[in-house]
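Trainee: The primary structure of each chain is shown beneath.
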Amino acid sequence: MRNVRVFFKKFDECKYISHLDLNRVMLRAVGKSRLDVWRTEGFNQHAYITFALPLSLGFSSECESMDFRLLDDGMDLSLIPEMLNVCLPEGIRVFACDEAKYKPADIDAALYEAVLTADDISAKELYTAFSELLESDEIPVEKKTKKGFKTVNLKEYVRAYSLLLDERSVTLSITLPAGSSTNINPTLFITALEKKTGAEIYYNISRKEIYTKEGVPFA
Amino acid sequence: MIPKEVEKYLLKVQKPGRYTGGEMGAVIKKKEDVEVRFAFCFPDTYEIGMSHLGIKILYSLFNEVPYIWCERVFAPWIDMEEVMREHDLPLYALESGDPLCDFDFIGFTLQYELSYSNILNMLALGNVPILSKDRKGLKNIVVAGGPNCCNPEPITDFIDIFFLGDGEEVDLEVMELYRVCRKENTTREEFLRRASQIKGVYVPSLYEVDYNDDGTLRSITPRDGAPAKIEKRVMMDMDKCYYPSRFVVPNIEIVHDRAVEEIFRGCIRGCRFCQAGFLYRPVREKSVDCINEQTHTLCRNTGYDEVSLSSLSSSDYTQIVPLLTKLTEWSKKENVSLSLPSLRVDGFTDDILDKIKSVRKSGLTFAPEAGSQRLRDAINKNVFEGELMHTCSVAFEGGYTTVKLYFMIGLPTETYDDVAAIAELGQKVVNAYYACENRAKGQSVRVTISASSFVPKPFTPFQWEPQDTMEELRKKQQHLKSSITTRKITYNYHDSDTSFLEAVFARGDRKLNAVMLKAFEKGIRFDGWSDCFSLQKWLEVFEECGIDPAFYANRKRSFEELLPWDHLDYGIKKSFLQSECEKAYRSESSPNCREKCLGCGAAKYGGGVCYEKR
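Line by line, the protein sequences are chains A and B.
Under my numbering, the residues of the first sequence are numbered 1 to 219, in order.
Under my numbering, the residues of the second sequence are numbered 1 to 614, in order.
So that you can see chain A by itself, here it is in the shape it has in the complex (with noise of 0.2 angstroms):
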């Protein structure tokens, strides 16, 4: 038995799909790929899947992961992404597939890439007014906990950011850190943005990178 880890994409439509619908995609895609998968043996048996990092509803991801055990230790893994993205929705791409090399919670930060858009004012106000957000000694907002709100100073999380100015949008790359022990969401910015320019802002978010406490790519 191995631990196996795959990577995969997740966009267009599937953004849509929340944490544990994807838990039921996936149970229903590593079933019909009929992977020898290790099964939890309760009262419902199932498959056995975890994700190492879960994914907020409307976030595209280029980063994704699951685990699972695979029962079949001569099987060559890089037959796996083939046989799950048959299997899959279209917006769901697995492209890689290889044994766990580091665990879920070593897991320390993530990249995020966050393209804004605003109809009540230009890019360009937007660009100064997130600049200046970003460039303050504090980002003051309300951050849901399981105690109930608390206001936490955004400012203190910010790992590295960027800022571009495009025609229409302005391109935020941030980040942030993640886990299990502290997570910092980057809708939090764009409330914070919201609250500041008073103008109702669309974005569109994408997960780029997770890294691990050592500063690589979790694999």
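Because the hints were derived from the structure by calculation, they are not lab data.
Just so it is clear, CB atoms sit at the ideal spot from N, CA and C, and this is done for glycine as well.
Don't take every hint at face value.
[Stated by the list, open to error] PhoX-like cross-link-like pairs, simulated, lysine-lysine; straight-line CA separation at most 20 angstroms:
1. B:K574 - B:K556
2. B:K12 - A:K144
3. B:K537 - B:K573
4. B:K596 - B:K583
5. A:K195 - B:K12
6. A:K143 - B:K428
7. B:K518 - B:K488
8. B:K31 - B:K133
9. B:K428 - B:K404
[Said to hold, decoys possible] A few chain A residues that face chain B, going by a derived Cβ cut-off under 10 angstroms, partial list only:
10. I17
11. N44
12. V216
[As the list claims (entries may be wrong)] From chain A, some residues computed to sit far from chain B (all C-beta separations above 12 angstroms):
13. D12
14. E99
15. K143
16. T145
17. T182
18. N204
19. I205
Model the placement of chain B on the given structure of chain A, informed by the hints.
Mentor: Frame of chain A, contents of chain B only:
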């Protein structure tokens, strides 16, 4: 495909996955490659619509025809509707993202009277004129199929064509005719006239109706060569009948998130309240081999690990045990669980229990429908208390501790004693649990009693009967509630308000079209959802239209009265329904189709149970 303008707002609404498409199994064709575009509309949310078997069958069937592209459209939930109206986004089909008004055919399935308001709303959201008379040229043909087509009179102003009976053949014939008419460049009217000549097609605009002074129907007159009687279509050979080998598999969880295999159509029982039991006669079964193969293929193609064997009464399938044996040969190995909905109390044997238990244990639900034997005889439910007790004991011995029992209140001939008998029956089931020696140790029993309000429906022996008034139904609900003396019984009941509206539209006539239109104009929709339904609003609409809803719901009709659906022929003789109704008055039950033929009329279709050896 999500239209660009829509995607911008998708994260502002609940469950955006409802509006995206892009599921495995969705059929994408090139617009240029097809001649007929069909928008299959389900007048409820995605999760409800995607659970419906009919849409799965017809979607696949239509898309197998190279010149047709069938897409899906569902009613947007109120938050999404608000966004669409605010930003002028038309209702679109999930496959192409194109607005409803771009389609040749816009087809609705009529499953439930309370979804009619959604039909009007969806047409309007899709930029399609809601009134038939305002739609011009050979496009936007609005068609409808499904059980409610047996009395479509309340929505004849909005729908161009109704399909009666099984849709597998007639729908394609009409699309083929459309293709021909478009080549010949005929008028819309000419197409409709020609369509009316196809068996199973009802074009309401070709019929004039006339009323008596008391508001009842005087006559229904066809014109332009339309048939005086419109006969339903029936697929007689179920093994040869089209069945999809794959479903569109939703990305988000839906109500019935599993594979479904239809095992037979129709029902032998003839329960007098049940419309489906008469509309789908005669009973036609699929063979064990056919079901086995179709089920296996479906599970393989969809990846579902649960399959539901669907019919009106699963245990009446003649080969049920051989079927389950055959299915479990592979289902266990492939970790697929089988579920058998619609089990009858008297059909629940140790054999069946063993087979379904071997895979996954789900809850047990039975529908005695009435509390007393007298009333069960009157409604022809033909379930005996002894059988229920035996079945429950078998289940309790098998480790079950919860049983759900479904009943109806407001049934014809019902007395308050009959209502109290529901509570007594529940109590007896509780007692049966404690009398059972091998019951689950240390666990209490849970009996859930659900009581819905009876709605008289067309093409049933009770089609002439008045519905109890809402006040009377509420009194009966309270009477039942106070008759329950144990906390081991949970009692659920439905609001009688929706049942009242359902009763009005179920047996309504064309005068109700004005009511529907006004209701739409007032923004009424999603009547099947308690968060949206308001009887008060509807009563205002009736008032403004000068129509008394009680005329439809609470009036006893005479056997001689011309009924709004008398020009539609579902193969059941009116005289048969009358004799069954009269038997109900005498609390007399009738034998089922396998015991004795009662000559209902369905034998004219030349097959099915009518020709089985008895």
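Trainee: Looking back at the hints listed earlier, which ones does the structure fail to meet?
Mentor: Those not satisfied are hints 3, 6, 7, 8, 12, 13, 18 and 19.
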